[in-house]
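One-letter residues, chain by chain:
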Amino acid sequence: MRHPLEFLFPNEIGLQLIYSFVIIVCSLMIYYSTREMYKLSSYKGIKYFRQSFLFFAVAYFFRYFISFFLVFFNIQNVIDISPTFIFLGSLFIFLYSSSMAVFYLLYSVMWKKWNHSMQKIYLFNIFAILIAFIGTLFGGMGVTIILNLILLLFVSFILFIAYKDSKNKQKGKSLFIIYLMLFIFWILNVIDVLIPKFLQIYQLVIYLASILLFMIILYRVLKKTGD
Amino acid sequence: MPKRGKLEIMRDILKLIQENKALIKPTPLLRKSSLSSSRFKEYYAELLRRRLIKEVAGRKDKHIMLTENGFKFIERYKAIIDFIEEFDL
Numbered sequence: 001m002r003h004p005l006e007f008l009f010p011n012e013i014g015l016q017l018i019y020s021f022v023i024i025v026c027s028l029m030i031y032y033s034t035r036e037m038y039k040l041s042s043y044k045g046i047k048y049f050r051q052s053f054l055f056f057a058v059a060y061f062f063r064y065f066i067s068f069f070l071v072f073f074n075i076q077n078v079i080d081i082s083p084t085f086i087f088l089g090s091l092f093i094f095l096y097s098s099s100m101a102v103f104y105l106l107y108s109v110m111w112k113k114w115n116h117s118m119q120k121i122y123l124f125n126i127f128a129i130l131i132a133f134i135g136t137l138f139g140g141m142g143v144t145i146i147l148n149l150i151l152l153l154f155v156s157f158i159l160f161i162a163y164k165d166s167k168n169k170q171k172g173k174s175l176f177i178i179y180l181m182l183f184i185f186w187i188l189n190v191i192d193v194l195i196p197k198f199l200q201i202y203q204l205v206i207y208l209a210s211i212l213l214f215m216i217i218l219y220r221v222l223k224k225t226g227d
Numbered sequence: 228m229p230k231r232g233k234l235e236i237m238r239d240i241l242k243l244i245q246e247n248k249a250l251i252k253p254t255p256l257l258r259k260s261s262l263s264s265s266r267f268k269e270y271y272a273e274l275l276r277r278r279l280i281k282e283v284a285g286r287k288d289k290h291i292m293l294t295e296n297g298f299k300f301i302e303r304y305k306a307i308i309d310f311i312e313e314f315d316l
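Chain order of the listed sequences is U and L.
Our numbering numbers the first residue of the first sequence as 1 and each following residue consecutively.
Our numbering numbers the first residue of the second sequence as 228 and each following residue consecutively.
Derived from the structure by calculation, the hints contain no laboratory data.
Some hints here could point you the wrong way.
Quick list of simulated restraints, FRET-style, between CB atoms [stated by the list, open to error]: (1) L:Asn247 - U:Met181: 13 to 23 Å; (2) U:Met215 - L:Ser260: 41 to 51 Å; (3) L:Glu302 - U:Ser156: 53 to 63 Å; (4) L:Gln245 - U:Phe68: 14 to 24 Å; (5) L:Glu282 - U:Leu180: 28 to 38 Å; (6) L:Glu312 - U:Phe160: 42 to 52 Å; (7) L:Gln245 - U:Gly89: 51 to 61 Å; (8) L:Glu312 - U:Gln119: 52 to 62 Å; (9) U:Thr84 - L:Glu312: 44 to 54 Å; (10) U:Ser156 - L:Glu312: 16 to 26 Å; (11) U:Ser156 - L:Pro255: 46 to 56 Å; (12) L:Ala272 - U:Gly142: 51 to 61 Å.
Using 27 Å as the maximum straight-line C-alpha spacing, the simulated BS3-like pairs for lysine-lysine come out as follows [to be verified]: (13) L:Lys248 - U:Lys39; (14) U:Lys223 - L:Lys268; (15) U:Lys223 - L:Lys299.
Cβ coordinates follow ideal geometry from the N, Cα and C atoms, glycine included.
Here chain L stands alone, though its shape is the one from the complex:
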């Protein structure tokens, strides 16, 4: 299986959240992402920093939720990749 690029991993994490009705706990997300714990933490921090996801407090523990930008990212992902390939960026 070819190595996933950074943008592809980000899209995959966002997709996992979207498939879970846009709300998921961190532990199942880590499990489903097929990433090591340290790499998952890096991506998680990056997604938060870019405001593609946000943390919401649940009754017992926190949940992860897609933001409007997160939905947009999934929607525009193919166009972004096409653009990068078109101009060899």
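Next comes chain U alone, as it looks inside the complex:
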């Protein structure tokens, strides 16, 4: 007997497309609903917050949509391009964009404490390129898990410092839990892309939890922007 989910999503790519689509829509809604606030205030924290979600949208576009478009429009028949090149290229952009998204989200809460400087942004770019490079070329299980665990420790440490200095502890607590969960599910997403079989049985749970987290953030954004 077929699993009920197979009726809903006839194949895995269908489920992944719906998942990516929801995340892209949520991210772009966050980005565009905060546009007026940033335009009026030019506040750096809002700028980094917005950029983070723009990078999330780009990352999820390159995660599944690009391969779907290439297959759907049969690009290979129009341009002679190697599928390996497309796969590695989109994987590199996905890893770079998602790392930048996480770094910008961290920076949005830390920029004042880190004495806002462009050097940090350059450093984030170098780290993100390094992560993308290692993930694309040596995307093995060991390297990926170690790399992501180091990142998770780094992100958790920074978030803990940000929470400790937070003015409103109660509000801050819930925000930092959401951010921490978002980073954990981001790492699970990266592992799911690089080592698909590793987390296959939990894939649906990872997708649903990630969607829920993005929706919670979107709800909080829309509540405040009044859109």
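Please build the complex by placing chain L on the supplied structure of chain U, with the hints as guidance.
Only chain L this time, still in chain U's reference frame:
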């Protein structure tokens, strides 16, 4: 009295202009803003650069006027601050 943040100072300057029927000369604005001359100049330049205020030529000297964005800024100020606090930005 706690130190005012950058956005709060900008809002206060814009409010002063609004309370003066959205048109005021630079000298009374400086006096009412409770800022030093050098800090006032910085904020004044920033407000002009962000197009929240504009200069209009009067009969004798120039006046400062609120732009549409200036009015919007005052209107949305509380929402902007709430948003910054909500996400600890």
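Mind checking the hinted window 51 to 61 Å against the Cβ distance between Gln245 of chain L and Gly89 of chain U? 53 Å, holds
13 to 23 Å as the expected CB spacing between Met181 of chain U and Asn247 of chain L, which holds or is violated: 49 Å, violated
Could you check the hint for me, namely that Thr84 of chain U and Glu312 of chain L are 44 to 54 Å apart, CB to CB? Holds - the Cβ-Cβ distance for Thr84 of chain U and Glu312 of chain L, about 48 Å, lies within 44 to 54 Å.
Pair hint outcome, Lys248 of chain L versus Lys39 of chain U [Cα-Cα no greater than 27 Å]: 24 Å, holds
Lying within 16 to 26 Å: is that true of the beta-carbon distance Ser156 of chain U to Glu312 of chain L? 23 Å, holds
Against the 27 Å threshold, does the CA-CA distance of Lys223 of chain U and Lys268 of chain L hold or violate the hint? Measuring from Cα to Cα gives roughly 36 Å; hence the hint is violated.
Need the status of pair Lys223 of chain U, Lys299 of chain L: alpha-carbon distance at most 27 Å? 19 Å, holds
Cβ separation of Glu312 of chain L and Phe160 of chain U, checked against the hinted range 42 to 52 Å: 20 Å, violated
Gln245 of chain L and Phe68 of chain U, beta-carbon distance inside 14 to 24 Å? 52 Å, violated
Should the hint that Glu282 of chain L and Leu180 of chain U are 28 to 38 Å apart at their CB atoms be regarded as holding? 48 Å, violated
When you take the CB atoms of Glu302 of chain L and Ser156 of chain U, is the distance between them in 53 to 63 Å? 39 Å, violated
In this structure, is the beta-carbon distance linking Glu312 of chain L and Gln119 of chain U contained in 52 to 62 Å? Violated, since Glu312 of chain L and Gln119 of chain U (Cβ atoms, about 27 Å apart) do not stay within the stated range.
In summary, the numbered hints that this structure violates are 1, 3, 4, 5, 6, 8, 14.
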